[in-house]
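Protein sequence lines correspond, in order, to chains A and B.
Residues in the first sequence are numbered consecutively from 897, following the working numbering.
Residues in the second sequence are numbered consecutively from 897, following the working numbering.
Do not rely on the hints blindly, as some may be mistaken.
Given that identical chains are not distinguished, each listed pair holds provided it fits within a single copy or across any two copies.
25 angstroms max Cα-Cα, derived BS3-like pairs, lysine-lysine [stated by the list, open to error]:
{"id": "1", "residue 1": "Lys899", "residue 2": "Lys1234"}
{"id": "2", "residue 1": "Lys938", "residue 2": "Lys1140"}
{"id": "3", "residue 1": "Lys899", "residue 2": "Lys1151"}
{"id": "4", "residue 1": "Lys926", "residue 2": "Lys912"}
{"id": "5", "residue 1": "Lys1132", "residue 2": "Lys926"}
{"id": "6", "residue 1": "Lys1151", "residue 2": "Lys898"}
{"id": "7", "residue 1": "Lys1039", "residue 2": "Lys926"}
{"id": "8", "residue 1": "Lys938", "residue 2": "Lys1132"}
{"id": "9", "residue 1": "Lys938", "residue 2": "Lys1151"}
{"id": "10", "residue 1": "Lys1017", "residue 2": "Lys926"}
{"id": "11", "residue 1": "Lys1154", "residue 2": "Lys898"}
{"id": "12", "residue 1": "Lys1132", "residue 2": "Lys1185"}
{"id": "13", "residue 1": "Lys1140", "residue 2": "Lys1079"}
{"id": "14", "residue 1": "Lys898", "residue 2": "Lys1037"}
{"id": "15", "residue 1": "Lys1237", "residue 2": "Lys1154"}
Worth flagging that the hints you see were computed from the coordinates, not collected in a lab.
The structure displayed is predicted, hence computed values, not measured ones.
Residues per chain, in single letters:
Protein chains: 2
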Amino acid sequence: MKKVGIVTGGTTKFTKTDISIESLLVSAIKQIFDNSSNLSQKDVDVVLTSTNANNKYLANITSELSGMAPKIAHSVESLCNSGTNCIVSAYAYISSGLADVALVAGAEKTDSPGLVLDWDKSRGQYKHPIYWSSMFTSAHKRKFGTTLEDLAYVGANNHRNALDTPYAYFEKPFSVEEIMESKPLTENLRLLDCSMPCNGSAAILLASENVIKNFCEQPIWMTGIGQKAISASFTKNDDLTSMKSTILSASDAYKMSKKAAEDIDAAELHDAFSICEIIELEDLGLVPKGEGGSYVRRLYDTKDRKINPRGGLIGTGHPLGATGIAQTIEICQQLQGKAGKRQIDGAKTGLIHNMSAAATSSTVLILES
Amino acid sequence: MKKVGIVTGGTTKFTKTDISIESLLVSAIKQIFDNSSNLSQKDVDVVLTSTNANNKYLANITSELSGMAPKIAHSVESLCNSGTNCIVSAYAYISSGLADVALVAGAEKTDSPGLVLDWDKSRGQYKHPIYWSSMFTSAHKRKFGTTLEDLAYVGANNHRNALDTPYAYFEKPFSVEEIMESKPLTENLRLLDCSMPCNGSAAILLASENVIKNFCEQPIWMTGIGQKAISASFTKNDDLTSMKSTILSASDAYKMSKKAAEDIDAAELHDAFSICEIIELEDLGLVPKGEGGSYVRRLYDTKDRKINPRGGLIGTGHPLGATGIAQTIEICQQLQGKAGKRQIDGAKTGLIHNMSAAATSSTVLILES
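With the rest of the complex left out, here is chain A (with noise of 0.2 angstroms):
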């Protein structure tokens, strides 16, 4: 099998202006040629859209757009981790001998139709993705004792990060205190607790091992991959303190790599709402059961990037088909040394977190430069 490595990422500003969508993805598409000074549109074997949206044909669209005529075009969608099903299907592409370079593309508009999960009868009348991010919280508070305060430090983390990402949704920081005091949706979650929707696009370029030194320096290559979709519905989550699908999917990506947790160095982790990261920093092993919660207050009081350094979902924003292509990205510049002020030093192994609907199915990604 071929060795993957990216070579580098576009991203529009997150925003709630409406733009289209193909001008969204043509704009992040423009940035990977930008950024890679003898790509040509020529090179491009594959082309991967990730999108929730209902247009159809856009790869092509996108490819015609961009000046490209690959191989290999379609549209993936999965909800909240079309991007990171899309990076994984252009590593098969590539890693299979089919192609050398691929290119994939995700963007989202706030009204996308991901957004609500209504096939889900199991959910009642409860269809917005934060019923079941309620009903976490309500479980790892009462095993665990986490507090609605400690949830309130994940959004400060993250919102503080977000002001170094230049590309951020939110463009200022919110306190501890105001997160507390921001309006409360459920009996637990408020609004600062909470993601939010906009339109965006994130795009990234893989290639294969022979040909990426001809158009970067420094690849990062893709040593891990788990995913599992366990269901579609959420009552089939048996412990509503865990995601089964992560748990998994982070086995498979470290055995794939021979890494663990403690290896990574720079962690991008599916923050839809403050309580999912507390969730997936113990099933990922990077903190014991339990201990999520007083782990993103240590973060808080030290400064420490590793978590989410370019803000996660909260801070930046999810539009849902770029959000993982952008959680891919922001780990390959970590390890390239090129986030910027965002930069965890001599960052070598980075990991990608990405999920939907309710952790019913997840992706984890391992890097290494």
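Take the given structure of chain A and dock chain B to it, following the hints.
Chain B only, in chain A's frame:
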């Protein structure tokens, strides 16, 4: 790279009866398990759904409803060749070593949003696919003297073949005269020159050479793959008597499989409209350029089933996301000697051609027993 084979397939009746897309998918998938006695739900590493429907998270929903919890699950969309895009993606997952067993299931409803090409401003008001096929027809008539009677032979052949396909939408034959006299829709195309959008599903199981013998005695190997996306809009097609994406895809597929057009014993061609089959016969190298019209007459006279043995899209119906999968199942059954009344004696090498939107993109697959 691991060799990838096809185990078996399943197809629902193609119909206008209103059935949910989830029920269609589950019905086709059930046949996979019925046909593979040693296969358990736990064996399936990948579930990909192929559709133009706006349903979200369909691969996960379908997995849950069918008792599967795969590693990789997502939906793929690329209009009419979504099905073969999914199959090639499954090939890549297996060939790269990320998976051993992949289940691909496609489904569509008659009201699919993939039927009208409304992003393509170059078409002006002519957004229905019949307009591009009508332009192809005019160009082929002008350059090669192809007649409207030649076109009617495509339909007559495919309707005759479809009589032996249990799942086909049409259950009665149409004569050349009946097709000639069917309702005119454009200056040169009649109702029976068109494939019929319908409800239907098709599912197929692929596995690596490591494990495939556990599930079947006669695996069919995927030895050639070619794909090309020229554009999304029609105006990029510079010659209306041929399909550039098909020519390039065929060239790659023949090269990868070390086969030539002369080696093909059975071929499924994407006859969305009658003119398509004539042009594709030529562009796939199965007949010399310009001789598609006379060839389909010869097929009729000799009752030769080599082309579209199951009756093509015109005879069986065209549920967009299922079509490429149903085509692949047919060639697989032909090479396994399991095609019943449709069997082509001694078929050893087969070809599938599946395309989208005026052949702005094409897939060509070569299968071998």
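Verification of the supplied hints:
1. Lys899 - Lys1234: within (22 angstroms within a copy, 40 angstroms between copies)
2. Lys938 - Lys1140: between (42 angstroms within a copy, 16 angstroms between copies)
3. Lys899 - Lys1151: Classified as both: same-chain Cα gap 16 angstroms, cross-chain 24 angstroms, threshold 25 angstroms.
4. Lys926 - Lys912: within (21 angstroms within a copy, 44 angstroms between copies)
5. Lys1132 - Lys926: between (42 angstroms within a copy, 21 angstroms between copies)
6. Lys1151 - Lys898: both (18 angstroms within a copy, 20 angstroms between copies)
7. Lys1039 - Lys926: Close neither inside one copy (48 angstroms) nor across copies (41 angstroms); limit 25 angstroms.
8. Lys938 - Lys1132: For lysine 938 and lysine 1132, the Cα distance is within 25 angstroms only across copies (16 angstroms; inside one copy 46 angstroms).
9. Lys938 - Lys1151: between (36 angstroms within a copy, 20 angstroms between copies)
10. Lys1017 - Lys926: This pair counts as between: shortest inter-copy Cα distance 22 angstroms, intra-copy 41 angstroms.
11. Lys1154 - Lys898: both (17 angstroms within a copy, 22 angstroms between copies)
12. Lys1132 - Lys1185: within (21 angstroms within a copy, 57 angstroms between copies)
13. Lys1140 - Lys1079: For lysine 1140 and lysine 1079, the Cα distance exceeds 25 angstroms both inside one copy (31 angstroms) and across copies (57 angstroms).
14. Lys898 - Lys1037: Neither way: lysine 898 and lysine 1037 sit 46 angstroms apart in one copy and 48 angstroms across, limit 25 angstroms.
15. Lys1237 - Lys1154: The answer is neither: 30 angstroms in one copy and 53 angstroms across copies each exceed 25 angstroms.
Checked against the numbered hints given earlier, this structure breaks hints 7, 13, 14 and 15; the rest are met.
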